[in-house]
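Quick note on the UniProt record's numbering: the sequence shown kicks off at 1 and runs consecutively.
No lab work stands behind these hints: they were computed from the structure.
Among the hints, erroneous ones may be present.
[What the hints assert, rightly or not] Taking lysine-lysine pairs in the DSS-like style, the calculated list, with each CA pair at most 30 angstroms apart, reads: (1) K92 / K76; (2) K92 / K167; (3) K35 / K88; (4) K76 / K35; (5) K106 / K83; (6) K83 / K171; (7) K167 / K35; (8) K29 / K92; (9) K29 / K88; (10) K106 / K171; (11) K54 / K88; (12) K76 / K167; (13) K106 / K76; (14) K35 / K54; (15) K29 / K106; (16) K76 / K171; (17) K88 / K76; (18) K29 / K54; (19) K92 / K54; (20) K35 / K92; (21) K88 / K106; (22) K29 / K167; (23) K92 / K106.
Quick caveat, the model's predicted, so the values are computed rather than measured.
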Amino acid sequence: MATKAQGDTQELTFEVGQSVVYPAHGVGKITAIEKQTVAGMSLEVYVVSFDQDKMILRVPTNRAEASGMRSLAGSKLVDDALKTLGGKARIKRTMWSRRAQEYEAKINSGNLISIAEVVRDLHRGDDQPEQSYSERQLYESALDRMARELAAVENTDHDTAMERLAKSLAKKKAA
1 MATKAQGDTQ
11 ELTFEVGQSV
21 VYPAHGVGKI
31 TAIEKQTVAG
41 MSLEVYVVSF
51 DQDKMILRVP
61 TNRAEASGMR
71 SLAGSKLVDD
81 ALKTLGGKAR
91 IKRTMWSRRA
101 QEYEAKINSG
111 NLISIAEVVR
121 DLHRGDDQPE
131 QSYSERQLYE
141 SALDRMAREL
151 AAVENTDHDT
161 AMERLAKSLA
171 KKKAA
């Protein structure tokens, strides 16, 4: 019962209605903070709704930050991520399976700069050869994750965010 007393005095990091980023799923919105009993223990959980996946996730309040849940990126971090998109692609000369695992880990880290690096590295211009299926899947996943956070930060829609990302990627070509 001591855990319940500690949970009551703990200060909540996030609030209802706040948009947050959960590393494995992207941008979601906290819809409620509930108390639940699991295996005889009382737990306080954030109820996070991910509209794009039609999914609801319950994250214990005392484990939210440890799980990687964070507030949306600030405007400086967004600007840094957009600058990253304009940089030169850094593709290691390792086997694709190893690189794919590294890209997947970067996407699931929830770190906006890491996601921008994946988008930058996997972006193909019109003059470049076609991507493989798995390469395209990773690219689209990273691009979508980045666009959703950009849209939430700038309070715009997904399409506007995608256009802004496309402009940043076009600068890469001109450079």
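Here is what the structure says about each hint:
1. K92 / K76: Answer holds: K92 to K76 is near 28 angstroms, not above 30 angstroms.
2. K92 / K167: 25 angstroms, holds
3. K35 / K88: At roughly 48 angstroms apart (the allowed maximum being 30 angstroms), K88 and K35 break the hint.
4. K76 / K35: 36 angstroms, violated
5. K106 / K83: 17 angstroms, holds
6. K83 / K171: 10 angstroms, holds
7. K167 / K35: 45 angstroms, violated
8. K29 / K92: 36 angstroms, violated
9. K29 / K88: 34 angstroms, violated
10. K106 / K171: 23 angstroms, holds
11. K54 / K88: 36 angstroms, violated
12. K76 / K167: 18 angstroms, holds
13. K106 / K76: Since the Cα atoms of K106 and K76 sit roughly 20 angstroms apart, the hinted pair holds (cutoff 30 angstroms).
14. K35 / K54: Holds, at roughly 22 angstroms.
15. K29 / K106: Cα-Cα ~22 angstroms, so holds.
16. K76 / K171: 19 angstroms, holds
17. K88 / K76: This hinted pair holds, its Cα atoms lying about 21 angstroms apart.
18. K29 / K54: Holds, because 12 angstroms separates the two Cα atoms, which is no more than 30 angstroms.
19. K92 / K54: 36 angstroms, violated
20. K35 / K92: This hinted pair is violated, its Cα atoms lying about 47 angstroms apart.
21. K88 / K106: 18 angstroms, holds
22. K29 / K167: This hinted pair holds, its Cα atoms lying about 28 angstroms apart.
23. K92 / K106: Given that 30 angstroms is the threshold and the Cα spacing comes to 15 angstroms, the pair holds.
Consistency with the previously given hints fails for numbers 3, 4, 7, 8, 9, 11, 19 and 20, ordered from lowest to highest.
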